[in-house]
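> The lines below spell out each chain.
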Amino acid sequence: MYDIIIVGSGPGGLTAGIYASRSRMKTLMLTSQVNPSLITTTDIVENYPGFPGGISGYELIERFTKQAGMFGLETVEDDVVSLERASRDSKDIWRVKTGKGSYDALAVILATGTGYARLNVPGESEYTGKGVSYCATCDGPFYRDVPVAVVGGGNTAVQEALFLTRFASRVTIIHRRDRLRASRILQERAAAHEKIDFAWNSVVEEILGETLVKAVRISDVEDPSKKRTLEVEGVFVFTGYIPNTAFVRDVVECDESGYVIVDGEMKTSAPGIFACGDCTRKLLRQVITACGDGATAAFAAEQYVQDLKGNAYGAWALS
Amino acid sequence: MAEGTFVENPDYPIELNDDTLDQAINKYPFLVVDCWAEWCGPCRMLGPVIESLAKKHQGDIVFAKIDVDKNRETASRYGIRSIPNLLVFKDGVKAGDIVGAMPEDKLLERINALRG
Chain A
1 MYDIIIVGSG PGGLTAGIYA SRSRMKTLML TSQVNPSLIT TTDIVENYPG
51 FPGGISGYEL IERFTKQAGM FGLETVEDDV VSLERASRDS KDIWRVKTGK
101 GSYDALAVIL ATGTGYARLN VPGESEYTGK GVSYCATCDG PFYRDVPVAV
151 VGGGNTAVQE ALFLTRFASR VTIIHRRDRL RASRILQERA AAHEKIDFAW
201 NSVVEEILGE TLVKAVRISD VEDPSKKRTL EVEGVFVFTG YIPNTAFVRD
251 VVECDESGYV IVDGEMKTSA PGIFACGDCT RKLLRQVITA CGDGATAAFA
301 AEQYVQDLKG NAYGAWALS
Chain B
1 MAEGTFVENP DYPIELNDDT LDQAINKYPF LVVDCWAEWC GPCRMLGPVI
51 ESLAKKHQGD IVFAKIDVDK NRETASRYGI RSIPNLLVFK DGVKAGDIVG
101 AMPEDKLLER INALRG
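For the protein sequence lines, the chains are A and B, in the order given.
The first sequence: position 218 = 218 (full-length UniProt numbering), numbered continuously.
The second sequence: position 38 = 38 (full-length UniProt numbering), numbered continuously.
Each hint should be verified, as a subset may be incorrect.
[As the list claims (entries may be wrong)] DSSO-like, lysine-lysine: derived pairs with alpha carbons at most 27 Å apart:
no., chain 1, residue 1, chain 2, residue 2
1, B, K70, B, K27
2, B, K55, A, K100
3, B, K70, A, K195
4, B, K27, A, K100
5, B, K90, B, K55
6, A, K100, A, K66
7, A, K66, A, K91
8, B, K56, A, K97
9, B, K106, A, K97
10, A, K100, B, K56
11, B, K94, A, K214
12, B, K70, A, K214
13, B, K56, B, K27
Derived by calculation from the structure, the hints in this document are not laboratory data.
No experiment lies behind these values; they were computed from the predicted model shown.
The shape of chain B in the complex, shown without the other chains (with noise of 0.2 Å):
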């Protein structure tokens, strides 16, 4: 994906590669990247909890998503062992991240913590 072609104010969650995380994590102040992969389960039930935020938070929190199989210079660079694993980056600079899947609330809350 070349710069520029990121959606301005995505309501679903943006597909990113390891070469185009790092355009993301620059442009957005407050992004927050779902590692997943195919063949993990509950991966697979955060899907629609993600998408649902993304359309619920349009304009303030632009998700993300990238597949760690097939993105392994993502999942070694930030010491990804479990997945889902969301990480949050605040101001191009990641701000933490959180593991495993919770329903959306619980996890509003805790990317919310994370906005410092």
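One chain only, chain A, in its complex shape (with noise of 0.2 Å):
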């Protein structure tokens, strides 16, 4: 029986883990095999304070991880499936089960992030490793002195398309509108980048290829019978997120996005679970506000469980 379980070990799910451990709470945290921080395939974070030259995603959490660990966080790697309310010593607890068996604690903090939406045109699933993807720092270096697409227009579509010229011969950014949304830096370094070239007002129809990609079928937003086929070996596609909490949705409440909603402490509509970062319905999805969030989740988690514990105890009931 945990205090606190976490589910997740993004930068919002280590900090709580930071806090909840040091705070001496018998911290579990559950890793997913499926679903990796999204962070730890950034290739360079620029606005995380303290690295003035920047840091990959993967040592950044490799530093966040160990830094957990010297407090003594628990770590399982297992993907989970259900949160069940239960009861036990006469206390209501969370039942958190997985594909490997089930952990119960008294509060519950979810940290499980996002991952990337899909296109869902033909070609996609067919192609998928083998010339479409959603990781370019995974990917890119295969892309050698070939052209490539990137599909999207945020932040994530652009750094990663400045990724890839390292490796492409062309980058052609793919984008619905006809100019970015990512921030101003990102969209002036793009702009400049002679590798970089853009189709505006454009969506993928199909991603055509034999055995491995070969080209990307784009139509006109506005007159979709104006159609183009651009040759690529690659499509990179970062066209938005989904939150990984189909699990929790009958659980707690969630926007119409499937975005958990908290309120300021990152308190859930279920008593004892609490939400961090990426996961959660707020303006900003960086690892500065996940780790915010993560540090309030795990304080107001040591509060609820302090205040159960007392409950349970009956002379110490702070209310």
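Dock the two chains into a complex; use the hints.
Have a look at this one:
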């Protein structure tokens, strides 16, 4: 029986882990093997304070993990299947069920993050891993001296496009609007880069190939009869995110896109369940905001646990 | 690595390169080759899963790993465009590949499905 179980091991979950372990809460972190934290696939993080030269997302997570380990955080690699209310020693607890077993805790912190959305066009599943990719840092080096396309216009799309210029002969950013949504500094870098060009007001209709990707067919947003085929060997998709919250949507209140709704103390609609980081409904999904959420979630969860323990002993009830 | 230096029943993933891959494919009746690279975060997560499977299935499935950044011939020969990528060989012939990181039990299921 744990005081707190943290589901997810990205910046939010690990910060919660550091705070909870350091508060001597009996804490377990469940690490997903299916949905690794997206920051681990980010080539460089430039806006996390303390690293003026930038740091790779993977290295940042390694540092977080090491720091949490120093305070004794226990970690198990296991994917959560469900979360249920249960009773143990006359206390209301949460039972976290995974592929391998089940774990009980007084409080749960959801830090499950998001995954990349798919385009849902013909050829996409067929060529996933054969030219269609959702991770430029994993797959970029396989595209040395060949043309590639990046789909999307947000921060991730533009940052990954810039990363891909190290390898590819040309990077075409396919975006459904006539300008990028990415931050200004990334926009400026992309516009100035000789290897990057743009297919504005365009959407992907189909990914074409033969064993491996050979081309992508795009159409004009305003006039879909206007079609073009770009010869590319890689299509990198960064059009949006889907929160990894499928297993909790009946347990805690989520918005229409599936993001967990939390208050300022990172409490969800269910007592004893807290959430932090990218899986929550919020304005800005960044490492720094996930960390802030994680610290708050751990503190709020600790208070909840202490209350519960106090109540259970009777005499120390706080209210 | 010279012929005959491969371990008979390794309980760990053996290391291969462009020159030794074919020998391994011909030697082991059921071989799973983990194609990885230093710069791939998900690959590093899959590493311990492969090590655990190699230990549990010693004598049944042989696991190997090859750094495809340093061994580009293998990457291009097998059309590898995404890693982690597991190449599965049965009786010296490629039976299929598995792309992406996944939990141990699911990975074993996919590997066994390629056994035919």
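> Could you run down the list of hints and mark each one as holding or not?
Hints, verified against the model:
For the hint linking B:K70 to B:K27, the alpha-carbon distance of about 23 Å falls within 27 Å, and the restraint holds. With a C-alpha separation of about 18 Å, the suggested pairing of B:K55 with A:K100 holds against the 27 Å cut-off. At most 27 Å may separate the alpha-carbon atoms for a hinted pair to count; B:K70 and A:K195 meet this at roughly 26 Å. A C-alpha spacing of about 34 Å is found between B:K27 and A:K100, which places the hinted pair above 27 Å, so the restraint is violated.
Between B:K90 and B:K55 the alpha-carbon distance is near 19 Å, which keeps this suggested pair within the 27 Å criterion. Restraint check for A:K100 and A:K66: the C-alpha separation of about 25 Å stays at or below 27 Å, so the hint holds. Proposed proximity of A:K66 and A:K91 is contradicted: the alpha carbons are some 33 Å apart, above 27 Å. Taken as a hint, the B:K56 and A:K97 pair is honoured in the structure, with Cα atoms around 24 Å apart against an allowance of 27 Å.
At most 27 Å may separate the alpha-carbon atoms for a hinted pair to count; B:K106 and A:K97 meet this at roughly 17 Å. Of the pairs offered as hints, the one joining A:K100 and B:K56 holds, with about 16 Å between alpha carbons and a cut-off of 27 Å not exceeded. Only pairs whose Cα atoms come within 27 Å are accepted, and B:K94 paired with A:K214 is accepted, the gap being roughly 23 Å. Restraint check for B:K70 and A:K214: the C-alpha separation of about 25 Å stays at or below 27 Å, so the hint holds.
For the proposed pair B:K56 and B:K27, the alpha carbon gap of about 20 Å is at most 27 Å, so the pair holds.
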